[in-house]
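Number of protein chains: 2
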Amino acid sequence: MEINLIRKSGKFNFEAENSGGKTVELDANPKIGGEGKGFRPMEMLLVGLGGCSGIDVVNVLTKQKEPLDDIKIKINATRKDEEMPPIFDVIDIHFNLYGDLNVQKVERALALTFEKYCSVSNILGRSATIKFSYTIHN
Amino acid sequence: MEINLIRKSGKFNFEAENSGGKTVELDANPKIGGEGKGFRPMEMLLVGLGGCSGIDVVNVLTKQKEPLDDIKIKINATRKDEEMPPIFDVIDIHFNLYGDLNVQKVERALALTFEKYCSVSNILGRSATIKFSYTIHN
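Respectively, the protein sequence lines represent chains F and Y. In this text, residue positions in the first sequence follow my numbering: the first is 3, and each later residue adds one. In this text, residue positions in the second sequence follow my numbering: the first is 3, and each later residue adds one.
Each statement offered as a hint is correct.
In this list, chains with the same sequence are indistinguishable; a pair is considered to hold if it fits within one copy or across any two.
With a Cα cut of at most 16 angstroms, we get these calculated EDC-like pairs of lysine to aspartate or glutamate:
#1 K118 / E84
#2 K118 / E85
#3 K133 / E4
#4 K74 / E19
#5 K13 / E27
#6 K74 / E17
#7 K33 / D83
#8 K10 / E37
#9 K133 / D94
#10 K76 / E17
#11 K133 / E117
Treat the hints as calculated values from the structure; they're not laboratory data.
Given the sequences, and given the hints that come with them, work out the whole structure.
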């Protein structure tokens with residue numbers, strides 16, 4: 003897995019590119035001069051967590067032949083601002099699941115995702131409390 | 003810090019949005035049906051590491067009044083493929099620094115970044131070996 007970053011403008015605005023040519027812009031905290039030109043680096047970790055767990059939930063529900071029509075994910079995180087560096091404290095991740103879904107299968111899919119499959123959750127969960135919840139919309 | 007994700011197309015292609023309205027697309031590993039429509043979630047962690055450490059290096063060198071003309075960052079990572087989940091094993095991050103820079107000040111900036119300032123490095127370094135290196139181009 004390879005990522006390349008170049009500075010795009012100003013002091014803190016970077017562009018990151020993966021090996022498939024996809025790009026995303028980053029920028030610093032406004033406190034040190036960031037100008038809102040991209041994602042903050044710590045936001046990228048939450049994006050990774052949402053993508054990783056979302057993909058795993060979709061994958062497990064699909065294998066269970068559950069009729070998942072759509073999925074939306076909301077993540078809120080707090081940081082340990084009194085520590086240096088200010089790493090994440092609590093990460094809340096909520097899954098909105100659309101379809102005529104079986105509650106037990108949804109709970110099984112979420113348990114498998116967070117206890118077994120999701121690499122990003124495993125990594126971030128070593129230093130933060132990750133809380134997950136769900137709502138089924140049918 | 004809040005991130006929202008929606009499913010954009012197919013089963014595994016998500017779009018993530020931060021509170022400033024910036025978006026980035028994600029996609030799954032081709033092994034489970036990903037189609038290369040976005041960054042892989044684990045790539046997002048490397049993007050965050052590059053951005054976080056790059057911003058901190060720029061910030062420290064700027065405070066030191068070092069003449070940093072440009073910066074490029076390359077990251078390569080291996081995963082513990084024999085484990086479940088396959089988290090990162092070794093992450094190599096190389097800084098290409100452009101300008102008439104003082105070696106001692108560059109080394110001090112990198113040490114401060116990885117030992118003190120960079121939240122993402124602190125988080126990922128709990129489960130992976132992070133190796134950093136640099137080349138000064140002047």
